[in-house]
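Build the full structure now, drawing on both the sequences and the hints.
Listed below, chain by chain, are the residues.
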Amino acid sequence: GAVVSQHPSRVICKSGTSVKIECRSLDFQATTMFWYRQFPKQSLMLMATSNEGSKATYEQGVEKDKFLINHASLTLSTLTVTSAHPEDSSFYICSARVVGTSGGADTQYFGPGTRLTVL
Amino acid sequence: ILNVEQSPQSLHVQEGDSTNFTCSFPSSNFYALHWYRWETAKSPEALFVMTLNGDEKKKGRISATLNTKEGYSYLYIKGSQPEDSATYLCASHVDSNYQLIWGAGTKLIIKP
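Chains A and B, in that order, are what the protein sequence lines are. Residue numbering for the first sequence follows my numbering, starting at 1 and increasing by one per position. Residue numbering for the second sequence follows my numbering, starting at 1001 and increasing by one per position.
Any given hint could turn out to be false.
To be verified - Covered stretches of chain B (in silico footprint by chain A; criterion: 3 or more residues with CB under 8 angstroms from a CB of chain A, positions within the stretch not fixed): (1) 1031-1043; (2) 1046-1052; (3) 1102-1112.
Quick caveat, the hints were computed from the structure, so don't treat them as lab data. Keep in mind it's a predicted model, so treat the numbers as computed, not measured. Each residue gets a CB set at the ideal place from its N, CA and C atoms; glycine is no exception.
Right, dumping it as structure tokens:
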């Protein structure tokens, strides 16, 4: 259980184009999903919290007009990198929150990530 | 600013040997500590979530301990196997905020 898919796994695009990345919870519903970015040899950096049916909450320094997040259903969140530039090249990974039972801590289940290369 | 530190950054271990590595996290307002295993080209896999000081969790040959007062957790692997090769991530929950603060991981390579 608790499987999260992410597509595409790898994308190469030209500078100035937009790229959409999908994150799906396959066997459970997720009201909250997270989008992370990872630079080489660094920690996962939280970009935004995606909430089903409402606006995403962006972390400080993340441009919401650049990284559009839509969480239109309980199983799908999308991240669109608009007008991508080479500095947007990175590894993007999503996770879905599963609420802890009996007052326990939540767990996040991850997709396999997307490697974006902007030429 | 809250930081989660993991050491070492990478580790080469002979097959069959046991090993351990460390996760340091802020002890104030501690809520939970998570360990994940991340194999190349796969999704990070949740290993443990720990909340109580002195807690110890075990999953097969992998176990973890937690010291919330001094802010560290150890992950132990007994009798390392090639399939243990992965990056091991820890992440801290502060208060009941469901966001996680991540360490940069320990990359474990098992040599046959």
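### Query
Are there hints from earlier that the structure breaks, and if so, what are their numbers?
none
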